[in-house]
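Quick mapping for you: the protein sequence lines, in order, are chains A and B. The numbers in my numbering rise by one with no breaks, and the one at position 105 of the first sequence is 165. The numbers in my numbering rise by one with no breaks, and the one at position 155 of the second sequence is 159.
If you are wondering where the hints come from, they were derived from the structure by calculation, not from laboratory data. Nothing false has been slipped in among the hints.
Pairs of lysine-lysine, DSS-like flavour, derived with a Cα cap of 25 Å:
{"#": "1", "chain 1": "A", "residue 1": "K144", "chain 2": "B", "residue 2": "K255"}
{"#": "2", "chain 1": "B", "residue 1": "K255", "chain 2": "A", "residue 2": "K112"}
{"#": "3", "chain 1": "A", "residue 1": "K208", "chain 2": "A", "residue 2": "K179"}
{"#": "4", "chain 1": "B", "residue 1": "K78", "chain 2": "A", "residue 2": "K133"}
{"#": "5", "chain 1": "B", "residue 1": "K193", "chain 2": "B", "residue 2": "K215"}
{"#": "6", "chain 1": "A", "residue 1": "K112", "chain 2": "A", "residue 2": "K208"}
{"#": "7", "chain 1": "A", "residue 1": "K202", "chain 2": "A", "residue 2": "K219"}
{"#": "8", "chain 1": "B", "residue 1": "K274", "chain 2": "B", "residue 2": "K193"}
{"#": "9", "chain 1": "A", "residue 1": "K179", "chain 2": "A", "residue 2": "K210"}
Partial list, computed: chain A residues near chain B (C-beta under 7 Å):
{"#": "10", "residue": "G129"}
{"#": "11", "residue": "T132"}
{"#": "12", "residue": "K133"}
{"#": "13", "residue": "L135"}
{"#": "14", "residue": "P136"}
{"#": "15", "residue": "R139"}
{"#": "16", "residue": "R147"}
{"#": "17", "residue": "T148"}
Restraint ranges, calculated between C-beta atoms of paired labels, are given here:
{"#": "18", "chain 1": "A", "residue 1": "A163", "chain 2": "B", "residue 2": "D92", "range": "33 to 41 Å"}
{"#": "19", "chain 1": "B", "residue 1": "Q221", "chain 2": "A", "residue 2": "E194", "range": "43 to 51 Å"}
{"#": "20", "chain 1": "A", "residue 1": "G155", "chain 2": "B", "residue 2": "Q53", "range": "47 to 55 Å"}
{"#": "21", "chain 1": "B", "residue 1": "A240", "chain 2": "A", "residue 2": "T213", "range": "43 to 51 Å"}
{"#": "22", "chain 1": "A", "residue 1": "K127", "chain 2": "B", "residue 2": "K245", "range": "45 to 53 Å"}
{"#": "23", "chain 1": "B", "residue 1": "Q221", "chain 2": "A", "residue 2": "A163", "range": "52 to 60 Å"}
{"#": "24", "chain 1": "B", "residue 1": "T213", "chain 2": "A", "residue 2": "N86", "range": "35 to 43 Å"}
{"#": "25", "chain 1": "A", "residue 1": "A178", "chain 2": "B", "residue 2": "A83", "range": "52 to 60 Å"}
{"#": "26", "chain 1": "A", "residue 1": "N86", "chain 2": "B", "residue 2": "G192", "range": "50 to 58 Å"}
{"#": "27", "chain 1": "B", "residue 1": "F147", "chain 2": "A", "residue 2": "A94", "range": "52 to 60 Å"}
{"#": "28", "chain 1": "B", "residue 1": "A250", "chain 2": "A", "residue 2": "P182", "range": "42 to 50 Å"}
{"#": "29", "chain 1": "A", "residue 1": "K202", "chain 2": "B", "residue 2": "A250", "range": "36 to 44 Å"}
Being a predicted model, the structure only gives us computed values, none of them experimental. C-beta atoms are modelled at their ideal positions from N, C-alpha and C, and glycine is treated no differently.
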Amino acid sequence: MRVTVSLVLGSLLVAPSAQAGELSLNVELPRINAAEYHRPYVAVWVEGADGKAAADLAVWYQDKDTKEGHGTKWLPDLRQWWRKSGRTLKVPVDGVTGPTRPAGKHALNFDEKHPALAKLPPGQYTLVVEAAREVGGRELLKIPFEWKGKPSTGSAQGKTELGKVSLSAKP
Amino acid sequence: MKRTTLALAAALCLLPLSAVAHKQWLVPSSTVVAGQDAWVTVDAAVSNQLYYPDHVAMRLDNIVVTAPDGSVSKPQNPATGKYRSVFDVQLEQEGTYRIANLSGGVSARWDTPESLAAAKAAKDGKAPAAGGMGGPGGGRGGFLRNATPEDLATKIPKNALNVQVTEGIGRVETFVTHGAPSSVAAAGKGLELAPVTHPNDLFAGEEATFKLLVDGQPAAGVEIEIIRGGTRYRNAQDEIKVTTAADGSFKVTWPDAGMYWLEASTTDAKTSVPQAKQRRLSYVATLEVLPQ
Chain A
61 MRVTVSLVLG
71 SLLVAPSAQA
81 GELSLNVELP
91 RINAAEYHRP
101 YVAVWVEGAD
111 GKAAADLAVW
121 YQDKDTKEGH
131 GTKWLPDLRQ
141 WWRKSGRTLK
151 VPVDGVTGPT
161 RPAGKHALNF
171 DEKHPALAKL
181 PPGQYTLVVE
191 AAREVGGREL
201 LKIPFEWKGK
211 PSTGSAQGKT
221 ELGKVSLSAK
231 P
Chain B
5 MKRTTLALAA
15 ALCLLPLSAV
25 AHKQWLVPSS
35 TVVAGQDAWV
45 TVDAAVSNQL
55 YYPDHVAMRL
65 DNIVVTAPDG
75 SVSKPQNPAT
85 GKYRSVFDVQ
95 LEQEGTYRIA
105 NLSGGVSARW
115 DTPESLAAAK
125 AAKDGKAPAA
135 GGMGGPGGGR
145 GGFLRNATPE
155 DLATKIPKNA
165 LNVQVTEGIG
175 RVETFVTHGA
185 PSSVAAAGKG
195 LELAPVTHPN
205 DLFAGEEATF
215 KLLVDGQPAA
225 GVEIEIIRGG
235 TRYRNAQDEI
245 KVTTAADGSF
255 KVTWPDAGMY
265 WLEASTTDAK
275 TSVPQAKQRR
285 LSYVATLEVL
295 PQ
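Next up, chain A with everything else stripped away, as it sits in the complex (with noise of 0.2 Å):
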């Protein structure tokens, strides 16, 4: 009986999360002395084998109104995200896009429901962090990961505009 109990409170445990695909995200913007600090654009997204963006994770924008309008002027100072997905995309995108975010450490959860990984078939990825500042600098991080196949982890040490971004994919 006690068996029973454990093999069916196991099997809950481990079914969903076996079909389940998760990718946990930490992502540090550095606090930056500067005279003049702007928060940082930062986009975050996941790239094929072939390099090509296959899901928007993340893209944060000025996308408040102004006198100049909408943020969105600047978004091609994001110039690989611009490039592999930004130029062809129509912002703002429900659950992708959001405001600029503070310095600090932004953990980002996204399961399999999330609409960019939905469509995501299981293999070899890099995950990619870009962050431009206004008056600043650019920098870009890579991590390779697997999705849906082994658990994979990675991290990358930002130098001047990311600090250290790590990820945890769960198959």
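Guided by the hints, dock chain B onto chain A, whose structure is given.
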């Protein structure tokens, strides 16, 4: 003084670039734009250094802005200073704009009995050469620039000898993309670049492929010179030379990010003016290469 400058700029448009060290260029403030009210401002000049206006301003009479849908417009807020001209372009449509300075016309040079006699005297060391040898006339009897075919009949003296008439077609251009790039249709006249790699999708360390066309057909065996801007801050031009293949194509791997000046020129005999034996074709593009 201004008239002299303008006349000189006009003459430069017609001279073969190989004979002129000065470089013509249009440089946009940005080649990749986005947002709700997208504008670029463009510098236009003829200079020695890239991209420092140090010689003469480019005339803006022949600037043609071609929108992604093929419609054409004139530059906005144009102004011409001593060393450079500036104008604005509003990018109301999404896609790729082509901003070009188009030049075309006929030039003629000829001898007269007097100039031949003077040249002979100079050769024999009896008198200095008239008019010097360096000017556009080159010590010849006369020179006509920016002419129309009708001018040839009226402005060349009756006693002219050895009349040489040359037709010139030149294009100096740059490309700016609002949002996603769109295809660039060939104008089909003169020398021009036909993108295989989009001109607003160039990145350092990557190889780009283009085709060179003459009147819309592949231009084979034409040498292309490519120089990165910022020449003032290095000791050599560091030019890249490539020659087009039989299908007019050529490849470039961009060594660094920056604004690049691409130039090609050629001659042929496909003139539209019966008096002209030779046609000179020139092409210049400014291309922006972004960092990885």
